[in-house]
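Novice: Chains as they are written, first to last, in our numbering: chain A, 1 to 326; chain B, 327 to 634; chain C, 635 to 929.
Just so you know, not all the hints are guaranteed correct.
[Claimed, not checked] Stretch-level coverage of chain C by chain B, calculated; a stretch enters the list once three of its residues show a Cβ under 8 angstroms from a Cβ in chain B:
1. 777–783
2. 862–871
3. 882–893
4. 898–905
[Said to hold, decoys possible] Quick list of the computed label-pair ranges, beta carbon to beta carbon:
5. B:L432 / A:G149: 28 to 38 angstroms
6. A:T183 / B:R550: 22 to 32 angstroms
7. A:G275 / C:V759: 51 to 61 angstroms
8. C:R694 / B:L480: 22 to 32 angstroms
9. B:A332 / C:G756: 21 to 31 angstroms
10. C:P889 / B:P421: 28 to 38 angstroms
11. B:G436 / A:E81: 20 to 30 angstroms
12. C:I670 / B:A579: 30 to 40 angstroms
13. C:V759 / B:L432: 39 to 49 angstroms
14. A:M123 / B:G436: 30 to 40 angstroms
15. B:L432 / A:Q154: 29 to 39 angstroms
16. A:M123 / B:L328: 36 to 46 angstroms
No wet-lab data here; the hints were simulated from the structure. Bear in mind the structure is a predicted one, so any value in this text is a computation, not a measurement. Here a beta-carbon is modelled for each residue, glycine too, at the ideal position from N, C-alpha and C.
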Amino acid sequence: MTALLEIEGLAVEIPLATGTLHAVRDVSLGIERGETLCLVGESGSGKSLTALSIMDLLPRRAMRSARRLALLGEDLSAATERRMSELRGNRMAMVFQEPMTALNPAYTIGNQMLETIARHRRMSTRAARDRVVQFLDHVGIPAAGARLGQYPHQLSGGLRQRVMIAMMLLCEPDLLIADEPTTALDVTLQAQILALLVKLQHELGLGLLLITHDLGVVARVAQRVAVMYAGEIVETGSVERVFASPRHPYTRGLLACVPVPGKIAPGAPLGTIPGIVPSLIGEAAGCAFRARCPLAIEACAGRHPMPVPLGVGDSARCLLLDSVAA
Amino acid sequence: MLAFAAKRLALALLVALTVSLISFFLVRLSSDVAAAIAGPNATAADVEAIRHQYGFDRPLAVQYLDWLGHTLRGDLGDSLYFRKPVLGLVLERMPVTMTLGTLSMLFALGLGVPLGVLAALRPNSWIDRLALTLSVVGQAMPSFWFGLLLILYLGVTLRLLPISGSDTWRHFVMPAITLGYYATPAIMRLTRTGMLEALSADYIRTARAKGLRFGKVVLKHALRNAIIPVVALTAVQLGFVLGGSVVVETIFALNGMGYLAYQSIVQNDFPVVQAIVLTLSGLYIVLTLAADLLNAWLDPRLRAAAGA
Amino acid sequence: MSEGLAGRLAPGAFARGRRRIFGHAGFTFGAAVLAIVALMAILAPLLSPWDPYDQDLSRRLIPPIWQARGTMEHVLGTDGLGRDYLSRLLYGARISLLIGISTVVISGLIGSTLGVLAGYFGGRVDMAVSFLLTVRLSLPVILVALAAVALVHGSLVVVILVLGLLLWDRFLVVMRSTTQQIRHLDYVAAAEAVGASTLRILVSEVLPNALNNLIVVATLEMANAILLEAALSFLGLGVQPPLPSWGLMLSEAKPFMFFSPWLITIPGTMLFLLVLAINLLGDGVRDLTAPGGRG
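Excised from the complex, chain A in its bound form (with noise of 0.2 angstroms):
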């Protein structure tokens, strides 16, 4: 069966004035049809242009380049901005993080939400409507019939969330990535709108692609998960495995710096990775996260680690992976 999502060698750069920033090295992940794959990292990671790359929505300076990129087998690498833009809403979707701007503020939710299926759809008005309002209600909109009249400054930030949710699943597409998603929302919304968006997976068979810097949705959402540092993937699999045995130092400490109620004595520090992200400007050379790592070797400066198999599809960048004990 074809993988929904294929990446491999990803690469996203810019062009400055004092270098070359590698916002996103070397990325290689694949999604399948239903399954969830959590992004996680920290601000400046890459995670959101990893995801923009897919849709081709990157920033006109950046240059992207991939050995492999492929929907449902499809090369996105070499496709037109026309093919993309067929293929936008309609086979691949995304949803931001910022719900209060994402709207257009002059149109009427239902103008924008009924363009999105004239785009792509040859449909009756009254029958694009009558599909406009049942995924409003869907997605759990209360009176969404007279949501079609209003304008997004009228809607809270948690119903515009849904709002665009359901706007990007209008011609139910087979891939959705959603890029921290819940971050603006206060945490009542959050645990809401994720599991609308699980509910949606499973009903429309969707691969998921959830952007987060947040383990706690990771656990509670996904199958498998991908952990970005300084625009590598350094470590990924499947989450029970990185949860209960993580293998990268990074992780290690992400993981750490999760108080867990129970597990932790009250009083005791909560766990931190000391030191900053290395500036992106230029080659690397050797291991990105080794000026952080408590456990770098010599070595590590020297040579720069690439994934290590650990098991179908799990892989770790790490010299040291051999003598770290499961």
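Please arrange chains B and C on chain A, whose structure you already have, making use of the hints.
Specialist: Chains B and C only, in chain A's frame:
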């Protein structure tokens, strides 16, 4: 929305009143109107008689209120030169000026908006530079010189267009270009800035993520938001254009209000001058008011703030 | 835009202001041309080969040196009354610059004072000043200037006064907003707390910060004044003959323009270049003093 409009209207009326006050006192205070009416051969007694007859010896405040009363009833007095009612004169000439003004703004919009959009789509490209150059040149060029050059090259050398009079639509082409060219830079720059801002907005990214075609994204989503300030600017620029019609109409001998104003100023025909200042100011005030209201209506967020 | 790299790299972030396209070249060009015109004005008596008022009807309408009948004696030709065009051009520079500078000084004082008062005191003072501004903006400037000048009979001084009394609006707006911004800054509150007088605060805190904006507005209004004077003189209601105002030269050239086009191209080009230079200078100042750049 209604309260908002009412407030704006009240302010506009107050401004109009003040303008009428200014134009009235400007004329009355600066020279002897009675002497002008009497003519160069009049004796002192004649002048006195006229002064009394026209009521110029009454207190200024009384004169003003009297004049205001007459004006509100549509009686703007008689032209000293033409010996006809001023109102009739002005109304006769208004269509020409309004046509010129409209055509000029159409030219300015037709040139400025597309250039602004294209410049924003390709910043720092050749089209951006071209737009910039046109904008810079347009602001520095004296409009009357531009008009003369157009007459010289388009009218005389190439014989493409007539150079004076206001009979056919052709007579309006060069004047409209001359007047419109001055309004173009501001419109172009505002469109460009607005588009740049709109294009970098999140909702544009959403529109693209939906797979909408490029043209639609630009025109439907970006321009719609970028154009809002341009609407207000257009109204304001129309006001300036109407004011600048004095010079352009005079050069091209177009029979409009501006030309009438010029003739009247030269002939010391004060009632006419006063009336035209009032009319043009009034038009400008109305335009600004319309622009404010249009703005509020176009931007749903402003409408909400205004209490629609 | 979302946080992080993706946010900072949005297309909008890379949009350079239009002034950046010219970059420093504009500023340099502007400064150079302005300097040349200033020199023309200052050194006019030295540089002019003829007296600009000297009429000689036997030498009317001689074309400039680059045309067939041109001569070295009159490098830029002569006008309809036989006056040397180069000399008139040089002396005309004096008038343009004089008008530009004087008008800006007067309107600058009026506008800035009003603006600072409105911005500093706010409330009713602000409302009154805003109303004044709206009224002023509702007046068709050219028309009012024309009428005003006509009523008092045109002359250089009258033109300067009338324009100075009309062109203060931008100064007002700029100073008002600058004052408002500064008013609320902490160090003004601190100064007030220590008991510094209002005037002292205005002078020592508000003015220096407003200087950049003031310069930019001053250049804009200077260019505006020069163009307006040219228009007024062109219509016969500004500077009176025989003064060599460039606008007046254009007006006097009209009857002859079909056969002697240089009579309008030369003064017109000078006006254009001068105004262009001043605009570019202003843009340059704005660009150089606002490193964030305004697109």
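Novice: Where does the structure disagree with the numbered hints, that is, which hint numbers, in rising order?
Specialist: none
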